[in-house]
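**Student:** Starting from the given sequences, assemble the full structure and let the hints guide the process.
Read top to bottom, the protein sequences are chains A and B. Position one of the first sequence corresponds to residue 1 (my numbering), numbered consecutively onward. Position one of the second sequence corresponds to residue 1001 (my numbering), numbered consecutively onward.
No incorrect hints appear here.
Now the in silico label distances, taken between C-beta atoms and shown as ranges:
id	chain 1	residue 1	chain 2	residue 2	range
1	A	T20	B	F1107	38 to 44 Å
2	A	S51	B	Q1105	38 to 44 Å
3	B	K1095	A	G3	20 to 26 Å
4	A	T86	B	K1055	37 to 43 Å
5	B	R1103	A	Q22	27 to 33 Å
6	A	S18	B	P1008	36 to 42 Å
7	B	G1028	A	N65	29 to 35 Å
8	A	E52	B	F1107	43 to 49 Å
9	A	S18	B	H1056	41 to 47 Å
10	B	E1067	A	T5	38 to 44 Å
11	A	V88	B	V1027	24 to 30 Å
12	A	Q17	B	L1049	41 to 47 Å
Keep in mind the hints are simulated off the structure, nothing from the lab. Heads up, the beta-carbon is just placed ideally off N, CA and C, and yes, glycines get one too.
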Amino acid sequence: NAGVTQTPKFQVLKTGQSMTLQCAQDMNHNSMYWYRQDPGMGLRLIYYSASEGTTDKGEVPNGYNVSRLNKREFSLRLESAAPSQTSVYFCASSENRQNTEAFFGQGTRLTVV
Amino acid sequence: KNEVEQSPQNLTAQEGEFITINCSYSVGISALHWLQQHPGGGIVSLFMLSSGKKKHGRLIATINIQEKHSSLHITASHPRDSAVYICAVTKSTDKLIFGTGTRLQVFP
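**Tutor:** Pasting the structure below:
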């Protein structure tokens, strides 16, 4: 049982390049999330998806787009990367949004130069 | 002021010591979570609680809803407990708010 699988683990981009972070969960969870983690700050929600076919903005959505391809997969796209998007990105899933345990991927360390 | 505050920010201990990490929050919550993040970066959920106390092995989590405070205790600490411990709360709006974490180092 893999849980939440996130790829890639590391990525270096040049300013203006685009990339997609992939996330898949095998727990049949309804809700999926993308967070970013920056030094000295708690994890901040970029986008979330409460169920297949729905997505909503979180706290810091600017510069990102998401796609809930099916119940398993939730991808995060950077259309034109900026140095301010240098961060560690985590995908997570939970059965639903109310009071259920969240499961996290291993994280993607992204550097934009 | 952050809605979720953790203390201390950094903590060092000798193997075998009893450790306490504190979390205070200022918003209405429906649940509180304790998470562990190891140096490799992965995040694991340790506890989710909305009242009272939970225990798992050497880890104990308590919450006082009236005082808006939770503690994570580690008994008989071990170097493998070295990690960042993160407190998070589920607001009544279902939004999850994270603290900035407590970095724990346990030395042999």
